[in-house]
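Number of protein chains: 2
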Amino acid sequence: MEVVRGGIVLTGPVVIVLAGCMLQYALLHLAGYDSVLEEDLKQFRQWGSRTPGHPENFETPGVEVTTGPLGQGIANAVGLALAEAHMAARFNKPDAKIVDHYTYCILGDGCNMEGISNEAASLAGHWGLGKLICLYDDNHISIDGDTEIAFTESVDARFDALGWHTIWVKNGNTGYDEIRAAIEEAKSVTDRPTMIKVTTTIGFGSPNKANSYSVHGAALGGKEVEATRQNLGWPYEPFHVPDEVKSHWSRHIDLGSKYQSDWEAAVEAYAQKYPEEGAEFKQLISGELPAGWDAALPEFTPEDAGDATRNLSQRCLNALARTLPGLIGGSADLASSNMTLMKMFGDFQKSTPAERNVRFGVREHAMGAICNGIQQHLGGLIPYCATFFIFTDYLRAAMRISALSETGVIYVMTHDSIGLGEDGPTHQPIEHLASFRAMPNMLMLRPADGNETSGAYKVAVLNRKRPSTLALSRQKLPNLPGTSIDNVLLGAYAISDDSKDNKPDVILMASGSELEIAAKAADVLRGEGKTVKVVSFVCWELFEEQSAEYKEKLLPSSVTARVSVEAGATFGWERYVGLEGRAIGVDHFGASAPANILYKEFGITVDNVVAKAKEVMA
Amino acid sequence: MEVVRGGIVLTGPVVIVLAGCMLQYALLHLAGYDSVLEEDLKQFRQWGSRTPGHPENFETPGVEVTTGPLGQGIANAVGLALAEAHMAARFNKPDAKIVDHYTYCILGDGCNMEGISNEAASLAGHWGLGKLICLYDDNHISIDGDTEIAFTESVDARFDALGWHTIWVKNGNTGYDEIRAAIEEAKSVTDRPTMIKVTTTIGFGSPNKANSYSVHGAALGGKEVEATRQNLGWPYEPFHVPDEVKSHWSRHIDLGSKYQSDWEAAVEAYAQKYPEEGAEFKQLISGELPAGWDAALPEFTPEDAGDATRNLSQRCLNALARTLPGLIGGSADLASSNMTLMKMFGDFQKSTPAERNVRFGVREHAMGAICNGIQQHLGGLIPYCATFFIFTDYLRAAMRISALSETGVIYVMTHDSIGLGEDGPTHQPIEHLASFRAMPNMLMLRPADGNETSGAYKVAVLNRKRPSTLALSRQKLPNLPGTSIDNVLLGAYAISDDSKDNKPDVILMASGSELEIAAKAADVLRGEGKTVKVVSFVCWELFEEQSAEYKEKLLPSSVTARVSVEAGATFGWERYVGLEGRAIGVDHFGASAPANILYKEFGITVDNVVAKAKEVMA
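Protein sequences, first through last, are from chains A and B. Quick note on the working numbering: the first sequence kicks off at 814 and runs consecutively. Quick note on the working numbering: the second sequence kicks off at 814 and runs consecutively.
Be aware that a few hints might be false.
Stated by the list, open to error - Using 25 Å as the maximum straight-line C-alpha spacing, the simulated SDA-like pairs for lysine to any residue come out as follows: (1) Lys1413/A <-> Phe871/B; (2) Lys1289/A <-> Arg858/B; (3) Lys1413/B <-> Glu1393/A; (4) Lys1427/B <-> Lys1413/A; (5) Lys1364/B <-> Leu1392/A; (6) Lys1163/B <-> Glu961/A; (7) Lys1022/B <-> Ser1149/A; (8) Lys1156/A <-> Phe871/B; (9) Lys1022/A <-> Ser1150/B; (10) Lys1366/B <-> Glu1393/A; (11) Lys1427/B <-> Lys1289/A; (12) Lys1364/A <-> Thr1383/B.
Rather than coming from a laboratory, the hints here were simulated on the basis of the structure.
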């Protein structure tokens, strides 16, 4: 059985000539999706419409993923195809193929220029994703004009080199049979993905604007629309769909329903015959988390030996791998540094697609976008991916799409500060915490120890509609008194407070590896007779969502003596320390040296916290 | 004449087997650079050393660019080679080739997996950069182990497809003659860049660790070092350079001096014969700005017709193109939207390399890194590059390298807020201003009108050691009373203040397109008898560098009634509005609709500023 994703079927008798985004809406409309009615088409790019300027999965049912930024789509498609291959290998039986569909992707010249598309295509070739079929709209025009000015490589030869099967349809304007034949050929090649280069004329049919960049972003205009209608022999009113077309397309409504009910019946039969696998499959389809999944998360006491949060993260991943059948992911060639291998599984590879450790190679950007595709394929799959925190700069665009498209990817980002030491400033994040705290719908978590790492995973897994970024230490950290798994869900909470009536002499705040420093500074100050509240700021976004009462209780407005300490940019900390407080951080690039020396040289020390606390208490 | 960049010459009788970063230091040391003495080698990765964990141009003379993040180096090399081709075409005469050198680049498996390297290589092929010679260290090992697990494409075939000449040296461990021959062959191919695939064994010579990932990031360890010395027949003490090697390499010191003085004499002779070109060439070499260059910047009065700051930016670029001979740059396929064409010049292309408009195609990441290479090639070249502000997410890693490596690239980023309208949330920056304000050494400028756009260019051009990011509007903005070119250099300044003794009832702050809203809100409030100071916050970083007196004068601590308005994340504004102020902004993703509707729906309005001002004054 073939499940056609997104309602896009390219076998109709009429080829609709429309710009990319509008094309998707028009196809959904024709295919009978009630999410795109004629009124919706007329509201293209208007406030509150279901037809925004670029298709978004959260606005328009039938839109699979949120694209727009070039190259994301092909990488999403690789993720969708990976998910299909994985699920098929895990669940299909010789007598029951309950997962069996193609992934189609249409991409343009711009997509093919972007580095992310080469990364994704290299992986698709490596993995031999034979059911991924891409159509490259080779129209030779991008926004700056003819692609001759910047894009003269041989795209087919490049895809050949990447291990794809390639086909060239020379007349993409009217060569419908050739396109059909190419798709059939693509299906017959099962060990490699296929790239069908379809040479077309942009604005085909427009007598004066075809084959020019002016068709790309702007409307044709009344006169030229009229001329195009004349030229193509299209006598109908705007938005009118002739009966012949309507009846041809509307068969997809019944056909789709039949596919759906056949498939549901097949799944039921499967579940009868293979109860264990069937239950797991249904759970993955439902997208709901298995009951009690979080009991697996390890809990710690201060007596437990300290560890780097990247190692604690690995314990969490390995614990969760047993209770979350949808957990799948890996690293961009840093598995042994990011500590992201699930030890009970092998690698997802061409010959072992049922496995759950994914080797992305040094391809951070595609990694993020592939994870978006995996999650969008199936709610129950929980993709995670990893690199050094600094290299979020390489995949930030994909991470933003996770946030925008409500995709709960877990970003496991280790080596989260100058604490990584000798690799130096090219590898030391400074502004990265702030940059993600400023990003809407992204949960930026920086756990301080074992309990908080477990708590961070609890948050990340629970949030299936929000991505989480976990900033994890390279260096060893102690398990601190007062930390808790569940308090991480509050975003910020006190790990200690020896004041009476919630009126401490000073509030110390920190996240991650600096919570230990704040706790030690509190000990010093308390030794000198001061009362101190120490607050762990593990996730600002979650704290902002708490009640005004909780916030006021944690940070009483009357206490203006406040000091924050974090091994990163102080940017943004004024929100909590106020104009009278002090934010200790690193507002310059790092350096190459052992971590302990950097902390000392840059003033991320107990002494400095104590000194600043005395300043603000004075 | 051949200028060998970075002192790396691969023709010696001894091949030094060392990890990448250490290799570069060792070669500099052997070649006689006094920036890397034996003591420096021993201080590898230590605090204050000239041999940090990854080579940085600002730490170690002889290091051309700052790399470390994979793929940046090859893109830098394309920029270096572009600069050579451009300068050669502009200045060489049939009888005087004063610019004539090769650019060598060594890259590994990881670099070749990164999307940025494909982008850069596609451009190098398109531009036919025949004097770019890359050596691909094909050792089949990356951090996660054998590249078979994630990287099975045919790299040579891909480079062929990108228009490169490719050569394969099968025995890179000891095939010195083959490497020499390959380099000679590469030089003989002048119309295409060359990729020499050199198959090697990582850790060659180490009996137990060769050909394994354990050689990549960790030291061999004492025992294995001993075994390797034995195996290679290397009897010398650590750091000892045998006389034979020393004398072979030290000839480069005299040779290099001779090359340098020959070349200086050639430039003098050139300047005698071609005084005009000679003067310009010397100016470009010196890196100093021509006297009076900034007089070209247009100045405006409120009576001048308003315009989008992206259009005003184009006026600045075209004015500066006449006074700055080093200005060179372009857009990632958005020239007509970013407004970045210098109208008096043609395109830098294979057949017209003397021209100064660069067409990067949809390759943002390579674009940024290529600009870093251009600037590092020659202090007098002033590269700029452009895309939509949102797509800084695609090139952020290169922008950070600009900031870290003290490279004054000008990032022209248009469509800077929800004000771009219909393209919707995938195209609307929200957190981007905050994310760059948090980045060290990056100047984030958001001009409000004509004068401020000219001021932003003044800042950007003056700062040759800091990159500038200009956030520019798609929409039309009026020329406001009180703005000034030179006040932009202060970072923030008052455009109006009707208070006595600097005690306004309220301070309104804004940047860019919202300064108009703040000014109008001030008019309303003044009409109701309030005194108001309106502050333009065009560049936070520059404001932070002003004296305490200036800051206190602009934002008197006694005035806590403060409101900011900016069409982006409010994150960070607490620094200036304080805990008692109000920050009006957009802390969620945007939407697809006309800009004026988005401003209204999201509360970025005069009414809302007035309302919030009344709250804080109450």
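Straight-line alpha-carbon gap lysine 1427/B to lysine 1413/A, limit 25 Å: 46 Å, violated
Restraint check for lysine 1364/B with leucine 1392/A, where alpha carbons must lie at most 25 Å apart: 14 Å, holds
Holds or violated: lysine 1427/B to lysine 1289/A, with C-alpha atoms at most 25 Å apart: Given that 25 Å is the threshold and the Cα spacing comes to 51 Å, the pair is violated.
Restraint status (C-alpha distance of lysine 1364/A to threonine 1383/B at most 25 Å): Between lysine 1364/A and threonine 1383/B the Cα gap is close to 19 Å, so the pair holds against 25 Å.
Given pair status - glutamate 1393/A, lysine 1366/B, alpha carbons within 25 Å: Distance of about 18 Å is within 25 Å: holds.
Satisfaction of hint between serine 1150/B and lysine 1022/A, Cα-Cα up to 25 Å: 19 Å, holds
Distance restraint between lysine 1413/B and glutamate 1393/A, which requires alpha-carbon spacing of 25 Å or less: 34 Å, violated
Pair hint lysine 1413/A and phenylalanine 871/B, alpha-carbon separation not exceeding 25 Å: 23 Å, holds
Pair hint outcome, lysine 1163/B versus glutamate 961/A [Cα-Cα no greater than 25 Å]: Given pair lysine 1163/B, glutamate 961/A holds - Cα atoms ~11 Å apart, limit 25 Å.
Agreement of lysine 1156/A and phenylalanine 871/B with the hint, judged by alpha carbon distance not exceeding 25 Å: Distance of about 42 Å is beyond 25 Å: violated.
Satisfaction of hint between arginine 858/B and lysine 1289/A, Cα-Cα up to 25 Å: Measuring from Cα to Cα gives roughly 20 Å; hence the hint holds.
Pair hint outcome, lysine 1022/B versus serine 1149/A [Cα-Cα no greater than 25 Å]: 17 Å, holds
Hint compliance for this structure: hints 3, 4, 8 and 11 are not met, and every other hint is.
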